[in-house]
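A.B. asks: Kindly produce the complete structure, drawing on both the sequences and the hints.
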Amino acid sequence: MNAFPSTSRQPAALFDRTLLRGAVRDAVIKLNPAAQWRNPVMFTVWLCAALISVLWLQALAGQGEAPAGFIGANAAWLWFTVLFANFAEALAEGRSKAQAASLRSLQSRGNARKLRAGDDTGWDSVDLTTLRVGDRVRVEAGDLVPCDGEVIEGAASVDESAITGESAPVIREAGGDFSSVTGGTRVLSDCIVVRCTVNPGDSFLDRMIAMVEGARRRRTPNEIALTLLLVSLTLAFLMATATLLPFSLFAVEAGGQGSAVTVTALVALLVCLIPTTIGGLLSAIGVAGMSRMLAANVIATSGRAVEAAGDVDVLLLDKTGTITLGNRQAAAFLPAPGVSERELADAAQLASLADETPEGRSIVVLAKQQFALRERQLLSHDATFVPFTAQTRMSGVNWAGRQIRKGAAEAVRRHVEALGGGFSPELQRIVDDAARRGSTPLVVADGAQVLGVVELKDIVKGGIRERFGELRRMGIRTVMITGDNRLTAAAIAAEAGVDDVLAEATPEAKLALIRRYQAEGRMVAMTGDGTNDAPALAQADVAVAMNSGTQAAKEAGNMVDLDSNPTKLIEVVEIGKQMLMTRGALTTFSLSNDVAKYFAILPAAFAATYPQLGALNVMQLASGESAILSAVIFNALIIVALIPLALRGVRYRPLGAAALLRRNGLVYGLGGLLLPFAGIKLIDLALTALHLA
Amino acid sequence: MTTQMWMLLATFVLAVWLIAVPLGRVLALLVERAPQPLAGVERRLLRACGVSGAEQDWRGYAGALLLFNLAGALFLYALQQLQPVLPLNPQHFAAPTWDSALNTAVSFVTNTNWQGYAGETTMSHLTQMLGLTVQNFLSAATGIAVAFALMRGFARSAAAGIGNFWVDVVRITLWLLLPLSVLLALAFAAQGVIQNLSPDLTVALLEPLHTDAGVVGSQTLAMGPVASQEAIKMLGTNGGGFMNANSAHPFENPTAWTNVLQMLAIFAIPAGLCMAFGRVVGDRRQGWALLAAMTVLFVAAVAVILTQEQAGNPHFAALGVDQAASALQAGGNMEGKEVRFGIAASALFAAVTTAASCGAVNAMHASLMPLSGGVALLLMQLGEVVFGGVGSGLYGMLLFALLAVFVAGLMTGRTPEYLGKKISPAEMKPVVIAILVTPLLVLLGTAIAVGSEAGRAGLLNAGAAGFTEVLYAFSSAANNNGSAFAGLSANTPFYNCALALAMALGRFAVIVPVLALAGTLAGRIRATRAATDSVSAALPTHGPMFVVLLVLTVLLVGALTYLPALALGPLVEHINLIR
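Each protein sequence line maps, in turn, to chains A and B.
Just so we're aligned: 541 in the UniProt record's numbering is position 541 of the first sequence, and the numbers increase by one with no gaps anywhere.
Just so we're aligned: 175 in the UniProt record's numbering is position 175 of the second sequence, and the numbers increase by one with no gaps anywhere.
Treat the hints as calculated values from the structure; they're not laboratory data.
Computed from a prediction, not measured in an experiment: that's the story for all the values here.
Be aware that one or more of the hints could be misleading.
As the list claims (entries may be wrong) - Partial selection, computed: residues in chain B whose CB lies under 7 Å from chain A: (1) 420; (2) 462; (3) 466; (4) 527.
Said to hold, decoys possible - The list that follows gives simulated cross-link-like pairs (lysine to any residue, SDA-like), each with its CA atoms no further than 20 Å apart: (5) A/457 - A/335; (6) A/681 - A/619; (7) A/457 - A/421; (8) B/429 - A/219; (9) B/429 - A/238; (10) A/457 - A/487; (11) A/368 - A/332; (12) A/457 - A/260; (13) B/429 - A/232.
Using N, Cα and C, we set each Cβ at its ideal position, and we do this for glycine too.
C.D. replies: Dropping the structure here:
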């Protein structure tokens, strides 16, 4: 639903040529056991490959347990298995690095105008890397902002497109919620004084780059839990295969015939059984998840935050800007008894012609749409505009002897009563009804006569109701946060289709609400931009700060949305879920694969000990050697085949947990069970046809 | 399978469920507090022992449990060694060898009840009553206590404690095991199970036996307090028989009625604990889901064993032996079975005793058809979670439930959670350790035994059958089942020590991680989902889909770990037989 104008951070096409070349090189470099150690499953494969290679050398020397060609082929494919896993990781990292490089090109170089301490005008030109927290710098039109900081003096329009991809410049000014500037953005006009809030190397941009490059990528809790499972499975399979050697020696000795199983066959069995598919792709999935987040223009401060996004149970959404368009708009003219709707519209338009507020503009537009009333040039007719003041709380126009006023019901009532008029009961009812609908009633009067009411409505964003419906199907609760009174809030909530409402919200009430949900064991996500949002952002499990927001908000959140689009939260949740789903799907796939591999390797490995076990050769594989080799090759190739899935992620659908499980369970569980039977058989046919085994 | 078999199986399963529901209610009650006036008695008793009964964290709970069981083992060892000088030893039995005594002590303390000795010719009445029977109670209570602790872990939210071990053991023994055992023992005695303190009886045979060595005119009948031990042997899924022939012996299991009662007694508490779990966590469907998964696995196993046994031995068929079931004979493979039970009741018993970690036998498992033996083996190797031992069945199944939810939960795009508790690395660690321990013990133990002279010395059969004997022994010991495949002469220092180690680790190296898990879970906030949430964000764990998932997880983990070993034993035998 968002356009991402900045193309630089879109991940490169899945198989970009330069990236591929880099990934191939990195895959070889990663063969270093020190790099493999981090991934226990692949490290096991590495050890197995090394062991078989030694056996191959031994066979070449004429003392092999099996033909050297067979052992050599197995060794080669085991090395390929490691390489393919390395390649997947390298490719994911390469794509991230390309994104990071585009960010790094933004990093400001050169000098900054550093203001002298205790002097508001004198400045020195210093290397910007020497800037420290608290230093004040002067940034003039055309300059790059040298550091993340806060505007303490002046106002300027700033081009933040490098960070946000948004081409329209934004205003940054001292004080208030728009005082924060980001290093690397460019001041287009005017001149501001900025106080640095971070040291070089800690800036927002630096953290983004570090995050993307994976330099500080640590395993997320979920990844650790999954790794624990994978390691224990590896151990179990190691036991199951290693003990087969004494078992088979015993069988040979007790039976007095045949020969024991070969180490090559056992190692092949082990590598096929241990979860190499998920083990090899696990880190690629994590890197790709971060990368997808970045492509959505969201910077997460940790992989943990991305993962937490998938677990969110409750979304807290600000009404204004997220659920409704920023401003109220005129929706209907409700005339008083004895007044025609057209008369009311005409008067209301006249009263609003000089009103440049969005509400005022919307009245003019509505009158034009409904009654084809044109905007009139009133200046020529000697009109006097009455601007809105805090005392009168009305605005309007004096024209051609008429005194047209519009304003809040109470203000207009006082005004007409002073002139000898009054509200009829019918009018009061119209006013009350409009308020109950969640609208703001604006009363229009001409002199002492009340003409009627203009109904100003919050406009719920298009499509948002459907979006909340999706969230509900995913089991996520939406809560609207608003400062409005309960009546108005409830009406808008019903229109937007949120599950719950926090009306008359204060920062304290927001914080208390988050704590209450968390005490029930729920994960809470929210967005925020103001400094008063910071405590709630810090408390929430997933806190997306708007890039346009204050530094305090950005520090408190664990993600920053560069587009400053509050609806982005929904996308963030989806990306988090997608990452977890991909892990789960590939784990299931990996485990279901094992069944077919047993059927391929067991009869082949024990052909010499118990030829009876040939009954298990349901795939009718040509020979023992081709059976083992086919399983090993399938095991290696499946990693490559699944790289696109790992990088792109399992397709996300807004369904309930049970429906998702049924779907993914069938595709990856049942599919994982059946696919290798076909795959191994095909490879076996190919090997036989090529006389390779 | 004959119609009679289906009827027997269906009636049996239904009876188990009918017992489980009310029993689960009682058990759930006991998890939190004993009802008055029992609570008063309990409190006074504990105070007299100097126990405050304050909540323990998992370390405290585990410490108390280990201490208690260690003391039990030492006592049992001493009792066996001292039996020649102690009273109630009418046959004047000597003390067993040190390794046999050690094995027996560990065996009864760990609820395994593997017996390398022959009961009626080794143990005095005092040892049987004060040692073995007492441990039958206490090991069962220990298992149930651990299940209680884990239930509390799931049910509690942000709590530090998981209960008090001393309170749990006293409560379970006094208010659950003792009353049920008294009732059951009386029922057994009424059916003819013996209960006395007499020395062996020598009786004249009605028809003297003519052998090569001459005419044998009399027979020695072992006597003793059997009924009282028999009741807790079944209820506590212990399985250690008073007699060597175990429940095949007419004095232990005389009639079809006692046979059915014994089978029901084995499943009663494991099934009841499932129901109790549902109640304690506040959603009875959760308990039904676990029970359903256990039932599915059980029925599948019974179906294989029944079919295989009734089909008979193809070698006999080749010789023209009539193995068909008829009004006059049970037919099928009757080798090693009691005529008074026939095929159906023997096969069902074999499945029940290996599914639950009981280990009592009413037929010789070595004489089962290869595939039946393989299924019996697999039932144990699955980790004794198909009903399983008292307490251990439930906590074992819950480990698999967590594993199933973990992988499946990921597929739904959330950090997996079970009953509102998130599964993080802190939970995953004890789960994988507890699941990994027994395969490690079984496979390594078997490898060492078949690879060593001492191990091979005890084998009766060569080849695949011999291998199955050893695999069965270690599967039975490490999973605390205790049934023997026969054929293996296990009363040697090697097997006594190796199996004792397997039993001890198979019990306590699982219990300690389970308690750690209970402690971690208790400390977590339990997410409460409003009933108004029409769609659950978390994976529902009470429907048929979860049952299927759980069954598949148990099978996948068990099968993938043991398939190679099973292929080299029962599978090879089976193929040899049908060729």
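A.B. asks: State for each hint whether it applies.
C.D. replies: Tested hints:
Given the 7 Å rule on beta carbons, the hint for residue 420 of chain B holds: about 6 Å separates it from the nearest Cβ of chain A. Here the hint on residue 462 of chain B is kept, as its CB sits about 4 Å from the closest CB of chain A, short of 7 Å. At its closest, the beta carbon of residue 466 of chain B sits 6 Å from a beta carbon of chain A; the interface hint therefore holds under the 7 Å criterion. Below 7 Å, beta-carbon pairs count as interface contacts, and residue 527 of chain B has one with chain A at about 3 Å; its hint therefore holds.
Of the pairs offered as hints, the one joining residue 457 of chain A and residue 335 of chain A holds, with about 17 Å between alpha carbons and a cut-off of 20 Å not exceeded. Pair hint residue 681 of chain A plus residue 619 of chain A holds up; C-alpha atoms about 6 Å apart against a cutoff of 20 Å. Restraint check for residue 457 of chain A and residue 421 of chain A: not satisfied, since their Cα atoms lie roughly 27 Å apart, outside the 20 Å limit. Simply put, residue 429 of chain B and residue 219 of chain A have alpha-carbon atoms about 16 Å apart, close enough for the 20 Å limit, and the pair holds.
Of the pairs offered as hints, the one joining residue 429 of chain B and residue 238 of chain A holds, with about 19 Å between alpha carbons and a cut-off of 20 Å not exceeded. The straight-line distance between the Cα atoms of residue 457 of chain A and residue 487 of chain A is roughly 13 Å, inside the 20 Å bound, and the hint therefore holds. Simply put, residue 368 of chain A and residue 332 of chain A have alpha-carbon atoms about 12 Å apart, close enough for the 20 Å limit, and the pair holds. Only pairs whose Cα atoms come within 20 Å are accepted, and residue 457 of chain A paired with residue 260 of chain A is rejected, the gap being roughly 83 Å.
Between the alpha carbons of residue 429 of chain B and residue 232 of chain A the distance comes to roughly 9 Å, so the proposed pair stays at or under 20 Å and holds.
Going through the hint list in order, the structure does not satisfy hints 7, 12.
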